[in-house]
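Given only the sequences and the hints, what does the whole structure look like? Please build it.
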Amino acid sequence: MNTSIIENYNADLADRLASTPLHYQCSGLSAVTTMDNIGGNWAYRPAPIFTIPVDARKLLMKKPISVKVSREDDLFFAENETLRLYGSGSTHLEAIEDFCKHLMYFFEHYKNTPDSKLMGESLKLKELYKDLFLEE
Amino acid sequence: MQVDRRVIESSLLSKGFEKQESSHHTYFHHIYVGKYTGATTYTSRGTKYKTYNIGLLGKMKKQLLLGSTKDVYDLCSCPMTGEAYLQYLKDNNKITN
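Chains A and B, in that order, give the protein sequences.
Using the numbering used here, you'd call the opening residue of the first sequence number 1 and step up by one each time.
Using the numbering used here, you'd call the opening residue of the second sequence number 1 and step up by one each time.
One should not assume that every hint holds.
[What the hints assert, rightly or not] Keeping only pairs whose Cα atoms sit at most 27 angstroms apart, straight-line, the calculated BS3-like set for lysine-lysine is:
#1 B:K15 / A:K101
#2 B:K62 / A:K101
#3 A:K117 / B:K19
#4 B:K94 / A:K111
#5 B:K15 / A:K126
#6 A:K101 / B:K48
#7 B:K90 / A:K111
#8 B:K35 / A:K126
#9 A:K68 / B:K48
#10 B:K94 / A:K101
#11 B:K70 / A:K124
#12 A:K126 / B:K61
#13 B:K15 / A:K111
#14 B:K61 / A:K68
#15 A:K111 / B:K62
#16 B:K62 / A:K124
#17 B:K62 / A:K68
[Claimed, not checked] Selected chain A positions facing chain B (Cβ under 10 angstroms, derived; list incomplete):
#18 D98
#19 H102
#20 L123
[As the list claims (entries may be wrong)] Across the chosen pairs, the derived CB separations fall in these ranges:
#21 A:S90 / B:Q20: 17 to 27 angstroms
#22 B:E18 / A:K124: 13 to 23 angstroms
#23 A:K124 / B:T81: 21 to 31 angstroms
Honestly, the hints are just simulated from the structure, not real lab data.
A quick note: this is a predicted structure, and the numbers were derived from the prediction, not measured.
Glycine included, each C-beta is placed from N, C-alpha and C at the ideal position.
Written out as structure tokens, the structure is:
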């Protein structure tokens, strides 16, 4: 083996080390992900929902609901684990729209169901849904 | 791991769930001694939802108060009986009076 290769390598290495900052730290950027057409499954950061469109009006949330939007294979999902709800669709907007439909369904369901007809987890869910909206 | 939507719906109905229809979805509420337990899920009617794959079954896991996607598969495709599901809910303190 030609020893000059090793010497050149060592010289290159020393050169690169000399140009590396002394107090190098990771920039804190999120992990690099592949493009959609290579790695098809991904997730957005949770996004808040402030209003729900119902027929011709909008219902304003007393507190915004956090919705996690993700894609798995050919479906988009919008989820809130606390409410145990998920919406799905061919686009992220369809998934959020679907989520809102479920939200309204369960809001009405728990509003119209007396406590005497509920037990266990359903009572907890009713409490969550109880003061969800302000009407515009 | 996948289950036909119609199989899911008929399985749930035979295991203590009550059906409620809306314009785009069918909701299934688990009922015990005349009360809703809080285990509730839904199916969609679009062409993309004729079969529920592992992703969709996984979303139903928390709704049905189950611990794994495999449990959802078992409940929706018959290995888990209605009695076994009810016992699971009791054992995990999901049903209280």
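Taking the hints in turn, this is what the structure says about them:
1. Among the hinted pairs, K15 (chain B) with K101 (chain A) is consistent with the structure: their alpha-carbon atoms are about 26 angstroms apart, no more than 27 angstroms.
2. Note on K62 (chain B) and K101 (chain A): the hinted pairing holds, with a Cα-Cα distance of about 19 angstroms set against a maximum of 27 angstroms.
3. Taken as a hint, the K117 (chain A) and K19 (chain B) pair is honoured in the structure, with Cα atoms around 16 angstroms apart against an allowance of 27 angstroms.
4. For the proposed pair K94 (chain B) and K111 (chain A), the alpha carbon gap of about 21 angstroms is at most 27 angstroms, so the pair holds.
5. A distance of roughly 23 angstroms separates the Cα atoms of K15 (chain B) and K126 (chain A); the hinted pair therefore holds under the 27 angstroms criterion.
6. Our distance criterion of 27 angstroms between C-alpha atoms is met by K101 (chain A) and K48 (chain B), whose separation comes to about 18 angstroms.
7. A distance of roughly 26 angstroms separates the Cα atoms of K90 (chain B) and K111 (chain A); the hinted pair therefore holds under the 27 angstroms criterion.
8. Between K35 (chain B) and K126 (chain A) the CA atoms are separated by roughly 13 angstroms; this keeps the pair inside 27 angstroms, and the hint holds.
9. For a cut-off of 27 angstroms, the pair hint linking K68 (chain A) to K48 (chain B) stands: about 21 angstroms separates their Cα positions.
10. Restraint check for K94 (chain B) and K101 (chain A): the C-alpha separation of about 26 angstroms stays at or below 27 angstroms, so the hint holds.
11. At roughly 26 angstroms between alpha-carbon atoms, K70 (chain B) and K124 (chain A) fall within 27 angstroms of each other, so this suggested pair holds.
12. A threshold of 27 angstroms between alpha carbons decides the hint, and for K126 (chain A) with K61 (chain B) the separation of about 19 angstroms falls inside it, so the pair holds.
13. Pair hint K15 (chain B) plus K111 (chain A) holds up; C-alpha atoms about 26 angstroms apart against a cutoff of 27 angstroms.
14. Pair hint K61 (chain B) plus K68 (chain A) holds up; C-alpha atoms about 16 angstroms apart against a cutoff of 27 angstroms.
15. As the CA atoms of K111 (chain A) and K62 (chain B) are separated by approximately 22 angstroms, the hinted pair is consistent with the 27 angstroms bound.
16. Taken as a hint, the K62 (chain B) and K124 (chain A) pair is honoured in the structure, with Cα atoms around 14 angstroms apart against an allowance of 27 angstroms.
17. The straight-line distance between the Cα atoms of K62 (chain B) and K68 (chain A) is roughly 15 angstroms, inside the 27 angstroms bound, and the hint therefore holds.
18. Below 10 angstroms, beta-carbon pairs count as interface contacts, and D98 (chain A) has one with chain B at about 8 angstroms; its hint therefore holds.
19. Hint on H102 (chain A) holds. Least Cβ distance to chain B is approximately 7 angstroms, under the 10 angstroms limit.
20. The interface hint given for L123 (chain A) holds, since its Cβ lies 7 angstroms from the closest Cβ of chain B, which is under the 10 angstroms cut-off.
21. Here the CB-CB span from S90 (chain A) to Q20 (chain B) is close to 25 angstroms, well matched to the stated 17 to 27 angstroms.
22. Checked against the hint of 13 to 23 angstroms, the pair E18 (chain B) and K124 (chain A) passes, with Cβ atoms roughly 19 angstroms apart.
23. The hint said 21 to 31 angstroms for the Cβ distance between K124 (chain A) and T81 (chain B), and at roughly 26 angstroms that hint holds.
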